[in-house]
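2 protein chains.
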Amino acid sequence: MSNQSLADFSSAHLPKVNQVMRDFLQKVTTEQSLWEAMDYSVSAGGKRIRPLLFLATLDFLGVELKKEHYEVAAALEMVHTYSLIHDDLPAMDNDDLRRGKPTNHKVFGEGMAILAGDGLLTEAFHLVASVDLTSDLRVMLLEKLASAAGTNGMIAGQTADIEGENRQLDLKQLQKTHQRKTGALILFAVQAACKLAQAEQEIEDLMTVYGENYGIAFQIKDDILDVVGDEQELGKKTGSDESLNKSTYTSLLGIEGAQKKLEHHIDQAVSSLHDVQDKISKKDVSLLEKLIWKLR
Amino acid sequence: MSNQSLADFSSAHLPKVNQVMRDFLQKVTTEQSLWEAMDYSVSAGGKRIRPLLFLATLDFLGVELKKEHYEVAAALEMVHTYSLIHDDLPAMDNDDLRRGKPTNHKVFGEGMAILAGDGLLTEAFHLVASVDLTSDLRVMLLEKLASAAGTNGMIAGQTADIEGENRQLDLKQLQKTHQRKTGALILFAVQAACKLAQAEQEIEDLMTVYGENYGIAFQIKDDILDVVGDEQELGKKTGSDESLNKSTYTSLLGIEGAQKKLEHHIDQAVSSLHDVQDKISKKDVSLLEKLIWKLR
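Heads up: the sequence lines are chains A and B, in that order. Using the working numbering, you'd call the opening residue of the first sequence number 16 and step up by one each time. Using the working numbering, you'd call the opening residue of the second sequence number 16 and step up by one each time.
One chain only, chain A, in its complex shape:
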């Protein structure tokens, strides 16, 4: 709640999220090989953006972080991790490197990678269904998570994404694809936190503006890094969008245009955050503001 650094916040809370993921998966998984495949991807690091957004939003709205929040954050990261494993498969994006390590199917084979993804997705719902909150809240979270991850959310976005290969999209189509592919789960992180914080509708609406702009900014940054980023640092192959002939923010707007659009969405998000701060009388620069500044 104080003017803490992102690094401090991360090291105070993310290890607990990681621990929940590992403990829960170990508890519910009866095949050693399956557990190893899931744990490989879950333990491969990653920026944990979605758990951070979820936890930082709760913190921003004055909620003391507890076990149930780490559990929801863990489920969210499990859904994200499943999507990476499946997206990396040869039949999809065919990536060999992820988070600086060989992709799941490169290590465990395609069959096991499909099962590991299926397992992470299913157990994410299992985890939320058994979290220590009222049934009403659990149902709310499950409904929102399934919706964000589902066929009008992340899966629809991934469908549009692979169908967009070798096809020229305009900016509106591109945005619609990403709003679902990456935006929906990011928005879940922010909105679910608002619900658990029992935020007023006006606050949730403003936070939604933050979440939507964060999602777009995140994708623009991802596109820029795919052109100018360092493979070693990113832990994944760059230039893959161009080789798959995908429309991206940089292919449509150029690097400079994309950068300008990125700034615009960061500004929108920050402005919306400041409106919330005025309403809840917080003065410190928030973790959420620091989080989005990192996309510059």
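No false leads were slipped in.
Which copy is meant is left open, so a pair is good if it fits within one copy or across any two.
Straight-line distance between alpha carbons at most 25 Å, and here's what the computed DMTMM-like set of lysine to aspartate or glutamate pairs gives:
(1) K159 with E51
(2) K42 with E227
(3) K159 with D147
(4) K305 with D237
(5) K191 with E51
(6) K191 with D54
(7) K42 with E178
(8) K121 with E180
(9) K82 with D151
(10) K187 with E51
(11) K116 with D237
(12) K31 with D54
(13) K191 with E125
(14) K187 with D237
(15) K187 with E271
(16) K191 with D38
(17) K121 with D110
(18) K81 with D151
(19) K305 with D23
(20) K305 with E79
(21) K275 with E257
(22) K252 with E125
(23) K116 with E51
(24) K42 with D54
It is worth saying that the hints were derived from the structure and are not from the lab.
Could you slot chain B onto chain A? The hints should help.
Leaving out everything else, chain B in the frame of chain A:
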């Protein structure tokens, strides 16, 4: 509730389950191609054993079937259908024929088949989360469904199954694999119905014996048909267990031994059903008894 035939029961209720699946998927899916891939497998027929078990158990326990029951039955069949799509993939069982039609990836490609499976799984949870029952009941159903479909259930069984290729399993290992691969979802059908019917624990325990024996009998029958069945009639390739060098009930016990074991589990299931009938004072031969007789 009367002494109705299975055919009458099926034609009275299964079309409603099919309708829920199609309507829900159409409502929540924003990409036409994704919807077509999911609908292809959902509409490809199949015996609808799991929805039938669920609905017939509710009927057996005196519950009048309503919209919410068709919705749960639909979700259950969606989870089953996703598992078929993924299991048929080249990286798994590599099957070309399913329910008398080319498998999903043969028609839509591997990438889309993976996404269609992911979509059906996710939207099954979405459907249960939004079903018209109390939050407590929805959470109970979601927890049980995720557990049955998860990494100590169906996915663990499928893992053990593909790892069992080219390896000799004993009867106990084989049974453990199938208890999870097919048994868990079948047991969900029966147990979830008991919960919704508010059956006493004693009744649920007896119904669990029925469900467990049904699951084993179902798998033995499947193994026998893979050896002696007619491809045209089954709508899938036979002899695939042998070609994948899988341990099966027939490879371990011979056809005659497997048939004897099948009879044993049918008898156990029926005996347990009769115990329930004594307790709830029902005299007619139940649909559940007719359902399991069909496995002879």
